[in-house]
Every structure is written in structure tokens, then in C-alpha cells.
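Chains R and D, in that order, give the protein sequences. Quick note on the working numbering: the first sequence kicks off at 984 and runs consecutively. Quick note on the working numbering: the second sequence kicks off at 433 and runs consecutively.
Calculated from the structure, these hints are not laboratory results. Any given hint could turn out to be false.
To be verified - EDC-like, lysine to aspartate or glutamate: derived pairs with alpha carbons at most 16 angstroms apart:
hint: 1; chain 1: D; residue 1: K485; chain 2: R; residue 2: E1656
hint: 2; chain 1: D; residue 1: K562; chain 2: R; residue 2: D1655
hint: 3; chain 1: D; residue 1: K593; chain 2: R; residue 2: D1655
hint: 4; chain 1: D; residue 1: K562; chain 2: R; residue 2: D1654
hint: 5; chain 1: D; residue 1: K562; chain 2: R; residue 2: E1656
hint: 6; chain 1: D; residue 1: K668; chain 2: R; residue 2: D1654
Residues per chain, in single letters:
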Amino acid sequence: MKRVLILSFLIFIISQSHGQSTGEIGGQIINDHSGLPVENVTVQIVGSAIGTSSDTAGYFILTNVPEGRHRITFSHIGFLQIEKTVEVQSDKLSRLDIFINPDVKLLHEFVVKETSPDRLIISKMPYVETDFYKFQLQNEAVRDVGDYLRSSKNINGIRKGGTQIDPVVRGFKFSQLNVTLNGGQKIEGGCPNRMDPASAHVEIEDIESIKVIKGPYALRYGPSFGAMINLQTEQKETAEKPYVDVRMMQAFESNWNGDKQQISVTGGNKLGFITLSGGRKNYGNYKDGNGQEVQSSFSKYNYKGMLGVKPFKNHLLLLTYEESKGRDIRFPTLPMDERKDDTQLMSADYQVKHMGDLLNFINLKVYQSDVRHEMDNKYRPFSDTVVAVSIINAVTAGGRAEAGMKIGAGELILGGDLERIEKDGRRDKNMIMQPNLPVKVEKLWNNAHINNTGAFALYTGNRRKWEWIASARIDFNQASSEAITIKHPMLGEIYHYGEDSIKTDYTNLSFSAGATYAINDKFSVSLAAGRGIRSPDMTERFIILLPIGYDKFDYLGNPQLEPEANNEIDLTLKFRDGKKGYLQINGFYSFLDNYITGRRLPPALQKPLSADVLGVKQFYNAGNARLRGFEFSYSSPEKYKLGATLFAAFTYGTLDESVKYVLNEQGEVVDDEIVYDDALTEIPPLESTFNIHYRFLKGRFVPAMNVRMVASQNHVSEASYEPSTPGFAVAGFSFNFVFNSHFTITGGINNIFDQAYYEHLNRNIIGSTRNLYEPGRSFYINLFINF
Amino acid sequence: MFRNLLNTLPYQEQCHTSVLDRLILFMSVMIILSLSGCDGEEPIDEPDNQSAKIRISFSHLIDDQPIDFDTLKYVNEAGNPYMVNEIQYFISDVTLFRNDGFARIIDDWKDIHYVDTDLPATQTWEVYDKIEPGTYDSIAFTFGIVPEKNISFMFVNPPEKDMFWPEYLGGGYHYMKLNGKWLPEGQTVQTIPFDFHLGRGQVYFSYPDSITGFIDNQFNVSLPASGFHLNSGETKEIEMIMHVEKWFKDPHVYDHDVFGGYIMQNQEAMLMVKENGHNVFTVKIKD
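I would like the entire structure built from these sequences, with the hints used as guidance.
In C-alpha cells form, the structure reads like this:
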């Protein structure tokens, strides 16, 4: 609190030190077709040297504009240029929100422009908000969304196999992250061991952009705790003239001997459009830097259809259906592999915009995400004694409605959302050692469901050099499950936990607020604070004895868990200069109430059900935990041929009080002791990434070198016996060559020096203490064809 | 580094620079403070002086001598020459009785302990429980596992899981596997293996395929002369000694030539084993 006061005082002093005799023009630039903000739009006062460009959220501000009428142009390659006239008054901000239309003819040039790898547009949002765009994704050899996010700045991930990496943001993970698809659709993965996190059910080849908002600030898209990750899939536009757009992709990666293809065909006119797309990928095992083969193969394919209809001007009905299939996805760190994944994603959206002077827009969405997940231990050593097969069905259905309206110089968005998760699954065990024994059936969940109904309000506004945002949401969370039981084929019920019907209800109030003060047109300071609350997830509440953690324990759900709360403050400094580059420094402090983690249960109380585990842990509220850290991002200006970027991030997490069970040499628990300020588990170490690149041929050919340096992680949990991890440095080379408006080639070499290394968050190979090493050197090439 | 970078900015006004100085200073202080984790004085974890610990070791003797495994050198009460290859067994619900009637059951962490003569680590049990200091009169335990706790498949890892008792014979787990060989009467060289196993017995309508019920054969062992005094902070060493020859002699003389090598479906034999078990164990408490 003291720090907040000091900062507020500083900002007050700063605000008093500037007198102004001119006015300002500011606003947001929106893509009229998609409703998404457009960044990098050049904003210029006609006949003047005053100009700027829009940031990642589409915002722009022109300062020191002389009083009077001015004509302003808005231009961006790929969009039709427009011009507006504005009256500027002394010491006042003239708000100007702009809708611009894509210029279909110039889209290919737009692609050329977007190949610049070094952009770091700094949002005016008072927190850390990062966007990743399709052209960035296309530069990499990545196999899934989590894989890409982990390779990008200041985000980490948990690797359990060759693909489907689980994102980690500032040490927040799993249900602490709100992962949404297209601004609201939720996906509940099937696997209790998170083989298939939500991000794994969206193919990265379909992604148009990824937005990451760090902190409990994105309350518009559902309960937000540690961060929000929105996956925006590609959406085509209507156009005055009928058009057909075909896009193809072919990629190959050595080491894995992996290849993937995708094709997308869109036809459209002014009334609507239809897109059909499909893709497949097939990857083998990779070799790590030691030459060891890692059982990491997988294959996937998907197909998708999207229909957009414009029944009226400014109205859009969007229907989307997608099926994706995963087959034989190996997870050498888990007791099972994913044998089969069948996912269906369905959604219907209705969007209305420019409704009048008051009402800005209305968005309606309904969706359903069905995941059928099947896994088994066919390739595990202990399958010679027990063959286990798990089948899980997870259905997430929901909807949301929101309306945006202009209130003064700002915008108020009001809305509500609901989400229902149903999950049922079982594990069949065939005991090989006793062949006459019937198959043993264990429930993983027992007809469990969670309903979450929420309402939110979000206000963004600005005045002079201030930009602020405030939001709040209330969630009514209700969960129930039948009693957790395990039935033995001959002995009947051998395990029973809870009442016949377990129900919990929570009402959670989350809120956040923040402000950005523009000290001048280059430098700003932001402060944001928020409290985000999340109810325990399905696994934490109801899981029945499965080894789902990084450690070798069966986990048991706890229906009596209290919601976990994140009270966070973020201070962010942003500097942006066309000659010096873009700089952002952020420090954050998170105080977590009712932190949810696992603690050991005595075997006298509960023994594990899974082979090769050390015991049972049950989820509980461990009290207070703290996360703090910083992020640093620098990107050189685009105007220079030689460019560089530097990113660094560090997070330090502690749990106020935890119990350490003392082990003897045989690993048996012989005593316990209290550990204060113990490290939180699975916190990524200090890391930085340096990139240097050069733009040849006006940016059409851009080779780049990357070096990622990761410090050792020695701040590890004593109570959990978490092992430390050595540091490493790994180098890569990439290039991007836009041959013409139809052909683009990207490629490169990952891990050039064939380093043997593993991330702190990588899991161990099952049944051993060996770490899952990252892939060794691999060459990759991606070819994109558009016409 | 950031400070130098900002100082090079040509468009930076002086007043902005001073503001920047202050902000960067504040930022640095905030980061340093956040990393220092200075959240007040750390409480000191005081050692617990109000409790004591016990450590139980297990040894196995024949005729008061350590067993010479795999050697045909012993003769039981029935006159069978025999050898012992291995002994595996469970004891559970160890209870310490105090003279005021207080009974302290050892089950804060685990209530079933597995002992294996091939696995030295199992022959010492460092008990997790924090025991109340005082004078204890005696120690007792269950040899085997009581039926309520003897749940099939509850052990998923070896070696305990290898003690499973077949489901068609009643399920659960063996209480004991005492494996060895004996020299049948009339033989001079050729030994026969015996599986001197104890577990859940069966009631047969017609042997061996018609079972009408099961009988639990676990039994309580009350150790003679097992009183001891436990001081605060002390770890008491308790040695439990299995006298293997007693399994075959008191009150029943067990004859391998009569019961053969396999008794898991022979409740009469297992009942003899159970009843002989009452005095198999003695205890030695180290000061």
C-alpha cells in the first residue's frame, strides 16, 4: 500500500509539472469488418509534421496539436485510407474513434509489411498486454499453441511430451489462466493430467492472433486470475466484389521427421463468406541433444467450416464448426499416452456494431466444446501387470452477451456469460497377474459438473494524458458431483468419499482498475491493481486418485476447497520512440489468498491407486502465497535495416507456510516440520531472449539469430523436494523470405549447437529420475502459398 | 542500462529526465523489495519437546541365533530338517499401552508395516508418530491385517503388492510368506519347497472349487516384557524378534510331512499357524 501511495504522489507531481497550450487528439482504430483493434495505423495531421501510429490495442494519441480544425489521415497497408476533420480545443482531448475497412487488393502487401519481426507495440493498457500475430507464428517451427507461446517472450510452458505444451505465465498455470477461444468460448480438456490443455484443442495453423493479458485484469472474458490468453482464429471478411481466397501451407521439420499441411479456401461477397479448411500433421520421435530418442511422436488432423452472413448493414452472423482428431500422442513423462482425441468445437456469433450514438456494439455468442479423450498405458513397462485404459468425456457449453456504449469520453461494456462443464470418465484396469479377474473400473470423476454464471462491467476512458480502465465481475459458481467411489468387481465398493451428492456454491466478486499517464508522446507510466477470484476447477474438486502433478503422487480432489484469490499490483513503464525503439519495464506483486495446492495424506488414511507413485496428495487451501517479478522488453525501431530485440523476465514465488515431510534414506516419511516462505513449485527461472536481424530487400528477406539464456533455478520448494535445474543457453537461426505476393518461405535451425538441456518446467520421464530433454538440433522450412 | 539509454534521448526535456530519474529509482526499489521477500520476521520453528519418537527394528532368529538362510541346518519340533529362504510379513496397528489405561495406536502416518528378510530397509521402521512421553506397560500389534483394512489392490507398488492373496481364495493380502524347503521323511537329499503362508482361509463345501465362506486368520500379539519409559525428545529403539522355530511347535507341532508345501487352501493348517503365532515374537527395548 505504501508503494501505491508513493507512486500516486509521484504521478501527481508529474502531472503538475506540465503546462499545455495546445490540445490532443486520441482514440481507437477498429477493423470495421472484424471489430478487432488495428495497430500500426499511421495517423497524420495533413500539412503538419505531427503524426503517430496506433498501438496494439488500436489506440493512438496526437499531442501538442495547435488549437483549431485539422484534417487527419489514417493509413495502413491493407486498409483503405480515410480522412477525418477534428476541432481541437486548448488543453482538451478530442476523442476520435475510427473504423477502417480492409483493402482486399492490398492484403498481400500487408503480409509483406507484417513480416517485420521486431515490432513491440506498447499498449496504453495499464498492464502487460502482448499480442502475437499469424506472421510471427508462421516464422517458427511450432507444433501447437503452447509450444509457440513458450518460445515467445516471457511466457513458459510445461512439456510432458512432443506437443500440447501447457502454458505458464509468471508462474500462474492450469486453471489460474483463463484460456478462451475467439473472445469467449471455453474448452475443458479431457485429460486430468492435462495432456490436452484448452490451448491444445485449437490448431495453431488456424490462429490469426493470440492475446495475452497478464494479471487479473481481463474480467470481460470470464473469471480471470493470473492471466488471460485469447486465441483468435482466422476470420475472413465480406467484400464488395466477390472473391475467392486460397491459402496453403506445407512445413517440414528434421529431427522429428515431422511434416504438416494446411489448406483454406474462402469465397465471399458483400452478403457473406464461407471458409472451408483442413490440416494434418505427423511427427515422429525427436532426439535430444544427447542423441537420446524421446518418445514424442504424434499425429493430428482437423477440418473446419465457417459461414459468415451479413443480414443487415453492420450485422454479422457467424457460424463455426470444427473437428480435430489426435492420434497416438506420446507422453513419456506420464503414466499413459493419449491414444485418441476427438474434439468438436461449435459456435454461433451475432455481432452488431455502430448501432447509434449511445450503443456502440452488441456481441452475442453461444458455443459448445466436446472433448472425447482416450488414453492407455500400452507402451509403459508396467502394462505387463496392469493394462489401464481411460476414457473421458468433457463437455463445455455456454454463451455470452455484451453491449458497448459510449459514456462521455469513454466506453462502457456491460455483459454476462455462463459456462457449464460436465465431465465424466473412468479407468478400466485389467489385472494381467490375475487373469480370471474381471476388469476393475475406477471412476475418475463421478458425473461432476460446474456451472459458472457471471456478469461484468468494463469502463475505459481517457482525459488529457490519462487513460484508465476499471472493471468488475461477479460470478456465481456452483459445482456438484456424485460421491467419489471406487467399486471392486468382486468386493463391491472399496472406496467412498463424501456424501452421496457433493455440492458447493460460491459467489466471487472480482474487480480491477488501472491508469496510464502519458508523460509525453514517448513515455508513459501505468499502475494497475486488481483482485481476481477463481473457483476450484473440476480436477481440484473431484479428481479421484490420479498422478496429475509434476511429482509422483496420486491426487485426490477436495470438494470443500475455497476459491483462490489473486490480489495483484502492476507498475509498468513504457517508452516508445521512432528512433530509439520501444521499451517496456513491468514489475508486479501478487498476494494470493487460499492458494490451492496438494499436501500428502498418510497412507493410513489413503493409499494410492496408481502404480509407481509415492503416495497420495489431496488438494487443499494452503493459505497465503506471493508471486513477484519483473519483465523487460526492448525492440529497436522498424525503420532501421539492422534490428534487435531483448526480452527478460523473472518471477519469484513463495508460500508463507507449508509442511515438509522428512524422509529417511528409503524415502519413507519419518517426521514433519514447518517450512516458512518456501518456494512455490514450478516457477520458471530468470530468462532472457536476444534477437538480432537484418532486413534485406525492403524487409522481404529477414534473416535472424536468436539466443535464449535461462538461468539455473535453485529457488525450489524444500517441502516438495522439488529438484533444481541447471541453466542453459540455446541459439537458433531463422529467416523469412517473401518471394512475391503469392509465395512466402520461412525456415531456420533450432538449437544450432545441439545442446542437451531441459527446462525447469519439463516433467521427468515416467518411472525414472531422468529429465525430459528438449529437442536437439532441427532444421525446418515452411512454405506458404496464397492466391 | 536503462538509465543510460534514456539519457541519450535527444527529445527528452530536462524536467522529464528528472521525473524519469525518480521513476526509475522507484521502479528499482520496488523490484528489489519484491525480490527480497522481506515480509517480516520469519517465525522460528521450535523443536517439539513435548513428544518422543520410537524406532522399531525387526530381527529373525532360529534357536536364538540369526538365521542362516538357504542352508538346510535346522530341525523343527516335528523332526523335519528344513531351511528358510525368505520371510515376508505384515504387522499392523501397533499399540502402546500405558498403565493408566491409555492406548496409543501407531497410525498417524502408516498403520501397516511390511517386513522382508531380503530387504534390509524394511527391517527398520522409523515411526512418524510423535508419541506422548510417559511410562508404557506393553506393546501389542496385529500380525497380518484386520479384515476392514485388508483391501484387495490397496498396495500398488512392490514389494507390498506382491503379497496379494488371490481373489478366489478371499482376496486381500498374505499376512506372511515364510518360504523354505524341508527334507521329507525317508529322503536324504531331495528337499521339497514349502510355502508356509498365512492369509484369509476358506470354508469349502467341496474342495477345491466350492467355497462357502472365508475366515480371517490375523491375530493379536501381545509382547511380553515390553514395558518402557519414554522421555520427551527421546527416540526409543525397540527391537521385535521373530523366533521362527516357534511357528512349528507351540501349542501345535507342525509337521511339513503332514501338511505338505502349500497351505493357502488348508484352513486347518493355517489355524495351527495362527495359534502357534502367539509367542513367536519377543521384544528387546534399548535404553
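Taking the hints in turn, this is what the structure says about them:
1. The straight-line distance between the Cα atoms of K485(D) and E1656(R) is roughly 14 angstroms, inside the 16 angstroms bound, and the hint therefore holds.
2. Our distance criterion of 16 angstroms between C-alpha atoms is met by K562(D) and D1655(R), whose separation comes to about 10 angstroms.
3. Taken as a hint, the K593(D) and D1655(R) pair is broken in the structure, with Cα atoms around 27 angstroms apart against an allowance of 16 angstroms.
4. This hinted pair checks out: K562(D) and D1654(R) have alpha carbons roughly 8 angstroms apart, not beyond 16 angstroms.
5. Taken as a hint, the K562(D) and E1656(R) pair is honoured in the structure, with Cα atoms around 12 angstroms apart against an allowance of 16 angstroms.
6. Our distance criterion of 16 angstroms between C-alpha atoms is met by K668(D) and D1654(R), whose separation comes to about 15 angstroms.
Checked against the numbered hints above, the structure violates only hint 3.
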